[in-house]
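There are 2 protein chains.
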Amino acid sequence: MGEKLALGLDLGGTNITGALATSEGKIAAITRRKTQASRGSGPVIEDMAEMVEHLIASQGISRDDVIGLGVGAPGPLSHRDGIIFKMANLPGWTNVRLRRALLERTGLPTILDNDANVAAFGEFWMGAGKGVRQMVALTLGTGIGSGVIIDGEILRGHFENAAELGHLIVHARGRPCTCGQRGCLEQYASAANLTRHCVELIREGRESSLSAILEKGGELGAKEVVEAAKEGDPLAAEVWDEACYFLAIGCINVQHSFNPQMLVLSGGMSKAGDFLLSRVRRYAREHGWKLCDDQPEISISVLGDDAGVLGAAGIAWAARNSGVFG
Amino acid sequence: MGEKLALGLDLGGTNITGALATSEGKIAAITRRKTQASRGSGPVIEDMAEMVEHLIASQGISRDDVIGLGVGAPGPLSHRDGIIFKMANLPGWTNVRLRRALLERTGLPTILDNDANVAAFGEFWMGAGKGVRQMVALTLGTGIGSGVIIDGEILRGHFENAAELGHLIVHARGRPCTCGQRGCLEQYASAANLTRHCVELIREGRESSLSAILEKGGELGAKEVVEAAKEGDPLAAEVWDEACYFLAIGCINVQHSFNPQMLVLSGGMSKAGDFLLSRVRRYAREHGWKLCDDQPEISISVLGDDAGVLGAAGIAWAARNSGVFG
Numbered sequence: 004m005g006e007k008l009a010l011g012l013d014l015g016g017t018n019i020t021g022a023l024a025t026s027e028g029k030i031a032a033i034t035r036r037k038t039q040a041s042r043g044s045g046p047v048i049e050d051m052a053e054m055v056e057h058l059i060a061s062q063g064i065s066r067d068d069v070i071g072l073g074v075g076a077p078g079p080l081s082h083r084d085g086i087i088f089k090m091a092n093l094p095g096w097t098n099v100r101l102r103r104a105l106l107e108r109t110g111l112p113t114i115l116d117n118d119a120n121v122a123a124f125g126e127f128w129m130g131a132g133k134g135v136r137q138m139v140a141l142t143l144g145t146g147i148g149s150g151v152i153i154d155g156e157i158l159r160g161h162f163e164n165a166a167e168l169g170h171l172i173v174h175a176r177g178r179p180c181t182c183g184q185r186g187c188l189e190q191y192a193s194a195a196n197l198t199r200h201c202v203e204l205i206r207e208g209r210e211s212s213l214s215a216i217l218e219k220g221g222e223l224g225a226k227e228v229v230e231a232a233k234e235g236d237p238l239a240a241e242v243w244d245e246a247c248y249f250l251a252i253g254c255i256n257v258q259h260s261f262n263p264q265m266l267v268l269s270g271g272m273s274k275a276g277d278f279l280l281s282r283v284r285r286y287a288r289e290h291g292w293k294l295c296d297d298q299p300e301i302s303i304s305v306l307g308d309d310a311g312v313l314g315a316a317g318i319a320w321a322a323r324n325s326g327v328f329g
Numbered sequence: 004m005g006e007k008l009a010l011g012l013d014l015g016g017t018n019i020t021g022a023l024a025t026s027e028g029k030i031a032a033i034t035r036r037k038t039q040a041s042r043g044s045g046p047v048i049e050d051m052a053e054m055v056e057h058l059i060a061s062q063g064i065s066r067d068d069v070i071g072l073g074v075g076a077p078g079p080l081s082h083r084d085g086i087i088f089k090m091a092n093l094p095g096w097t098n099v100r101l102r103r104a105l106l107e108r109t110g111l112p113t114i115l116d117n118d119a120n121v122a123a124f125g126e127f128w129m130g131a132g133k134g135v136r137q138m139v140a141l142t143l144g145t146g147i148g149s150g151v152i153i154d155g156e157i158l159r160g161h162f163e164n165a166a167e168l169g170h171l172i173v174h175a176r177g178r179p180c181t182c183g184q185r186g187c188l189e190q191y192a193s194a195a196n197l198t199r200h201c202v203e204l205i206r207e208g209r210e211s212s213l214s215a216i217l218e219k220g221g222e223l224g225a226k227e228v229v230e231a232a233k234e235g236d237p238l239a240a241e242v243w244d245e246a247c248y249f250l251a252i253g254c255i256n257v258q259h260s261f262n263p264q265m266l267v268l269s270g271g272m273s274k275a276g277d278f279l280l281s282r283v284r285r286y287a288r289e290h291g292w293k294l295c296d297d298q299p300e301i302s303i304s305v306l307g308d309d310a311g312v313l314g315a316a317g318i319a320w321a322a323r324n325s326g327v328f329g
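Just so you know, the sequences run in chain order V and L. First residue of the first sequence: 4, per the working numbering; consecutive thereafter. First residue of the second sequence: 4, per the working numbering; consecutive thereafter.
Here chain V stands alone, though its shape is the one from the complex:
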């Protein structure tokens, strides 16, 4: 009998990623396929179960060598009950008992959590936060997702909605957010809002090297804004600077809420690397309090896109070690 492995599945709107990982976080096998989520939950769950079988077969191991299955999925969902309440803009995904369905199809003890929590757990377990006990991760994408690790465990909260840090209000009466609030952090510091803000200013008549991309009907992403800012385009530089400033305000609020040792930035915008990090760190120092030095170390994700699937295997190991899997 070989080394025991955990199975992790990362269910995204675009891809499903599956992996087998050891208790030390070494990936033994990894595989990916398109989600095609518009088919509804049934076919996608069949694909997920098939991926489990395929991964086990590919390693020539038996089901008994697999300690369990961890699943990260978009929410809102209930970790406690193993249910996905809905998936944004997708029909056929209302109140899906995903945990039970996978348990029945695979025979493996299964645990479900939301994708931001699972990605944070991945960074905590094997990424930027390895060795750290108190960690917060912010994923800078369309919005800002987040996960909070306290004493090595995911913070879930009474209503299982803890760590929705993209919706911290950092500018009272500020920009309206899709959530119904005004002044949410993600309206100032997510990748999508970064580019949207550039487009708005160009439409208002501001000059920018980015307008050439728009005129050609091209896609404007965080990458293009970062490149233009680096090349000295004043509009791109201004918008980028503003996003970094607000991200620093978000980091300061994390500092005063959870007081973690480390804060990990991931997602599209984090690919800017030091161009993001040095500025956010500087603004967090400049605009943070002066009473004592308790700022978390601000870092960039180490695992990148693998944080989700590795974190999914990680929560399976954690469930096994804490006796949740019996």
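Worth flagging that the hints you see were computed from the coordinates, not collected in a lab. Just so you know, not all the hints are guaranteed correct.
Said to hold, decoys possible - PhoX-like mimics (lysine-lysine), calculated; alpha carbons at most 25 Å apart, straight line: (1) V:Lys37 with V:Lys89; (2) V:Lys293 with L:Lys89; (3) V:Lys89 with L:Lys293; (4) L:Lys29 with L:Lys7; (5) V:Lys37 with V:Lys226; (6) L:Lys274 with L:Lys226.
All values derive from a computational prediction rather than experimental measurement.
Please arrange chain L on chain V, whose structure you already have, making use of the hints.
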């Protein structure tokens, strides 16, 4: 041998309060004296030790009937090391090993935590949050103190500075705070800033029934502002409304960070009762997100000024029950 009791001491800038409490949170004896903190730490520690002896003697019990001593004190301090680093504006309180000093003088196992954490623990244990496992308390005084209870335990954070929620930035680039930041919650929603804002507006020439108090050289407190607002004074009503709005923004940020079941408001401003509560609840609904209904129940402190001393006895019981006292 009678019922076992825990000793709690609440060290404040003005008073020291001591109490003996049962494991069910019943206060068997309570006593209070002036702190006279300007004497320095030595004499104050002697007074605290004497208070312990006095409380034990007053009940006709022996030291063996007391399971330990819990102490709440102003910070910054280290719970882990039992040290007060300093007390605001008071000399002779630098790096005081309070836990060890009290342990040596009283012979009782001793535990130290900051006053806001201890007061939150009191409300959680025996007050508004009784029966709740996830709770946040905001104390509305000179600033805004806070404590966060997660799964029945005080959240401390890596640097032992978690839950400094008065310094959440809710209005980027807003009013300067004594801490060095701008736009801190407490600059908009603490009792002291409520009255300060009234005074500023009156000095700028705004009319208000409150100016009579100032002209007579009287003290303007949250109580007077609340009374004037209730009587329809436009300036007082406007400032009160603004404070309630920002407090609601603070509650929303607590919701998205910790997602607790309950949020308890205490301190001077909370004495306004329903005049505060109904407005904060309404604004939290109006300005909170519409994605799901996960707002904590917002409540007023039940224990009032006794939250600190009861919480101090409570952390002693918790330390005993979790084996910290050996």
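Now for the hints, and whether the structure bears them out:
{"no.": "1", "hint": "V:Lys37 with V:Lys89", "verdict": "19 Å, holds"}
{"no.": "2", "hint": "V:Lys293 with L:Lys89", "verdict": "15 Å, holds"}
{"no.": "3", "hint": "V:Lys89 with L:Lys293", "verdict": "15 Å, holds"}
{"no.": "4", "hint": "L:Lys29 with L:Lys7", "verdict": "12 Å, holds"}
{"no.": "5", "hint": "V:Lys37 with V:Lys226", "verdict": "24 Å, holds"}
{"no.": "6", "hint": "L:Lys274 with L:Lys226", "verdict": "8 Å, holds"}
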